[in-house]
Amino acid sequence: MKKALFIVVALMLTIGLAACGSNKENNGGNANSGTANTGNANAGGEALSGSILAAGSTALQPLVDQVSKKFMEDSKYSGITVQVQGGGSGTGLTQVQAGQAGIGNSDIFAEEKFTDADADKAKELVDHQVAVVAMAAVVNKSVTVDNLTKQQLVDIFTGKVTNWKEVGGEDEKITLINRPSSSGTRKTFEKFALGTASQDIAGSIQEDASGTVKKYVTDTPGAIGYLALSYLDDTVKTVKYEGVEPKEENIVSGAYPVWAYEHMYTKGEPDAVTKAFLDYMLSDDVQNSDVTELGYIPVGKMQVKRDAAGAITK
Amino acid sequence: MEQMEQPAAHDQSRIQPRTNHKLVKPHIMEEWVGKVFTTLCIIVLVVTIAAIVYFVSSHGLATFITDGVSLGGLLSGLKWDPEGEIPLYGALPFIFGSFSTSLLAAIIAAPLGCCAAVFMTQIMPGLGKRVLQPVIELLAGIPSVVFGFVGLSIVVPFLRSVFPGQGIGIAAGAIVLSFMILPTITTIATDALSNLQRGLKEGSFALGATRWQTIYRLVIPTTLPSLLTGVVLGMSRAFGEALAVQMVIGNAPHIPHSLFESASTLTSVITLDMGNTVTGSTHNNALWSLALILLAMTFVFVFIVRFLERRNNR
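Top to bottom, those sequences are chains A and B. FYI, in our numbering the residues of the first sequence are 138 to 451. FYI, in our numbering the residues of the second sequence are 82 to 395.
None of these hints come from the bench; they were simulated from the model. The beta carbon of each residue, even a glycine, is placed where N, CA and C say it ideally should be. Among these hints, one or two may not hold up.
Below, a list of computed lysine-lysine pairs in the DSS-like style, where the Cα atoms sit at most 27 Å apart [claimed, not checked]:
id	chain 1	residue 1	chain 2	residue 2
1	A	K310	B	K160
2	A	K412	A	K206
3	A	K213	A	K412
4	A	K328	B	K160
5	A	K297	B	K106
6	A	K442	A	K412
7	A	K384	A	K438
8	A	K352	A	K384
9	A	K412	A	K258
Not close to chain A: a few residues of chain B, all C-beta gaps over 12 Å, as computed [as the list claims (entries may be wrong)]:
id	residue
10	P107
11	A372
12	R392
Under 10 Å between C-beta atoms, here's a sample of chain B residues computed to sit facing chain A [as the list claims (entries may be wrong)]:
id	residue
13	G165
14	L233
15	V237
16	R241
17	G246
18	Q247
19	S275
20	G321
21	H335
22	S343
23	L353
24	G356
25	T358
26	T360
27	H364
Chain A extracted, bound-state conformation:
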């Protein structure tokens, strides 16, 4: 009995150790493969090979996941493996900065995350914008309001207005469903919909998973939250912003302002393998099928552009 237990423990330890070891090798391999492959491609005509690790933003993860599968199935790139990990925008940016991941996925500009003492770190990163994601305020179906002005939203999200009747609805308490203060989605919503920081009001709910946010909005009477368009369906009610509906034509024209780029950052210019993947991501084929299919907007369609400070150019 004791012997059997001992063997089981020993096996588990060995497997655990082996897993750790191979993981490290993978990471090392990622960092090295880049430089090695640049030479490979220059030799001409030869197929690329290597592996890429793309880590970060959970908002971008479904898209990268789907595209990477398609990419690896493509016979042209059979030598390349792409691994996709979540972990959040901060993790993505930290890992690509530290060289632990080849690509860092992020919902917000690196300049917004690396501030103060770390500001220099953002300059080493090269930004590749692969899609646009728009967010909309959503409310529980019991709420009769279907349009909110910027000021009304600010009042709601800073706790000035606590009942729907104050913004033209029925007498019902407002329950806020917010993202945590460090979330990229929340920053985008605060910056472009509210124009000011929202408050963590007592009694509000904070969740970071979009699925959970949606479940709370669906189930809680009088709830208001915000979700990326890719998560919207008819279990929740989408609210117009200043009378503008969050629809693709309004977003690309710039009439609806609550949107952000999805970034894939590389440290310095990407090597041949990573570039092949990023180019594939930006190819018309992917942009017009997978990107729109998953509820994002192709970055090429945008008629307006935006920089890290939020300034808009046509």
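Since the structure of chain A is already known, use the hints to place chain B on it.
Okay, now just chain B, sitting in the frame of chain A:
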């Protein structure tokens, strides 16, 4: 170590009578392999624990040493706003949330677990051992996300319809946690009760005590330290549980006014924000400080368990 060596010594005595020089050698070899392997495992274990403690404390202490946040301010501050104009790091609401949810969970689960154990060992051992015990042990195998989702779909709507408020909060968290720690408490209590010296109970019966008198006058007082060990271990599990609690507690960084108002725990704030912050930033370090508090609390729980065990052995 002592236990590991016992079987070897046993083998030796079996082989010795037929001593023959060829047989000794593989045996020494076996002994040596066993020693080296166990020593290696111990070294790996010790190094891992030391590394974890070092890693968490180096990040967690950086908040106070390099970022200049005061320890007293972190432990007693009421406002948590790391992304604000003037960042504030008051973790008291999370400490309060963690303690209240795990204490409440223990208060709910301890009587349930101990009574189940009494039933299984003293009252109906046949049915208890065959049906009840496997069912309770099954609870231990359910992933915490499932508990969280059940809490979100059943406990929260139930509390919302019965009590004032949105249903989320410390009560919901404690109910979900109490089911998660039930197996720990029950299993340890069952072990303690079934290891009770036979003579004690028989003596009690011989004096004419009924079964129930024996149970509550003799069995429970004698095994109380072990029962408490189970409760403390369950509490420490509840203290460290993150996902399920995060889904039902609401996560607003405030000390709630009622059990049915949004609150936060140390673990839930760490899981919500960790991925969104950049390594090395003050916000990130502050989260590690919270992790350090969790680690320190784990030590405290271990000390309590040790203390109870010593009292039990006396």
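Results for each hint:
Between K310 (chain A) and K160 (chain B) the alpha-carbon distance is near 24 Å, which keeps this suggested pair within the 27 Å criterion. For the hint pairing K412 (chain A) with K206 (chain A), the CA-to-CA distance comes to about 16 Å; that is within 27 Å, so the pair holds. Taking the CA atoms of K213 (chain A) and K412 (chain A), the gap is about 14 Å. The hint holds against a cut of 27 Å. Under the criterion of a C-alpha separation no larger than 27 Å, the hint pairing K328 (chain A) with K160 (chain B) is consistent with the structure, at around 23 Å.
Restraint check for K297 (chain A) and K106 (chain B): not satisfied, since their Cα atoms lie roughly 83 Å apart, outside the 27 Å limit. With a CA separation close to 23 Å, the supplied pair K442 (chain A) and K412 (chain A) stays within the 27 Å bound. Using a Cα cut-off of 27 Å, the hinted pair K384 (chain A) and K438 (chain A) holds, with the two alpha carbons roughly 13 Å apart. The suggested pairing of K352 (chain A) with K384 (chain A) holds, with an alpha-carbon distance near 22 Å, which does not exceed 27 Å.
Under the criterion of a C-alpha separation no larger than 27 Å, the hint pairing K412 (chain A) with K258 (chain A) is consistent with the structure, at around 21 Å. With a minimum CB-CB distance of about 17 Å to chain A, P107 (chain B) clears the 12 Å threshold, and the non-interface call stands. For A372 (chain B), the non-interface assignment is confirmed: its Cβ lies about 16 Å from the closest Cβ of chain A, beyond the 12 Å cut-off. The non-interface label for R392 (chain B) is consistent with chain A: the shortest C-beta to C-beta separation is roughly 28 Å, beyond 12 Å.
About 7 Å separates the beta-carbon of G165 (chain B) from the nearest beta-carbon of chain A, less than 10 Å, and the hint is met. The interface hint given for L233 (chain B) holds, since its Cβ lies 6 Å from the closest Cβ of chain A, which is under the 10 Å cut-off. Annotation: V237 (chain B) was flagged as interfacial toward chain A, and the flag holds, the nearest CB pair being 7 Å apart, inside 10 Å. Given hint, R241 (chain B) at the interface with chain A, holds; its Cβ is 8 Å from that chain's nearest Cβ, closer than 10 Å.
A distance limit of 10 Å between C-beta atoms decides the matter here; for G246 (chain B) the minimum to chain A is near 8 Å, and the interface restraint holds. Look at Q247 (chain B): its Cβ gets to within about 6 Å of chain A, closer than 10 Å, so that hint holds up. Interface hint at S275 (chain B): violated, since its Cβ lies 18 Å from the closest Cβ of chain A, which is beyond the 10 Å cut-off. The beta carbon of G321 (chain B) is not positioned within 10 Å of any beta carbon in chain A (closest approach about 19 Å), and the interface hint is therefore violated.
The closest approach between the C-beta of H335 (chain B) and any C-beta of chain A is roughly 4 Å, which is under the 10 Å cut-off, so the hint is satisfied. With its C-beta approaching chain A no nearer than about 5 Å, S343 (chain B) sits inside the 10 Å limit, and its interface hint holds. A hinted interface residue such as L353 (chain B) counts as satisfied when its beta carbon comes closer than 10 Å to some beta carbon of chain A; here the least separation is about 4 Å, so the hint holds. Because the smallest distance between the Cβ of G356 (chain B) and any Cβ of chain A comes to about 2 Å, under 10 Å, the interface hint for this residue holds.
Here the hint on T358 (chain B) is kept, as its CB sits about 4 Å from the closest CB of chain A, short of 10 Å. The criterion of a C-beta within 10 Å of any C-beta in chain A is met by T360 (chain B), whose closest approach is roughly 4 Å, and the hint holds. The closest approach between the C-beta of H364 (chain B) and any C-beta of chain A is roughly 6 Å, which is under the 10 Å cut-off, so the hint is satisfied.
In summary, the numbered hints that this structure violates are 5, 19 and 20.
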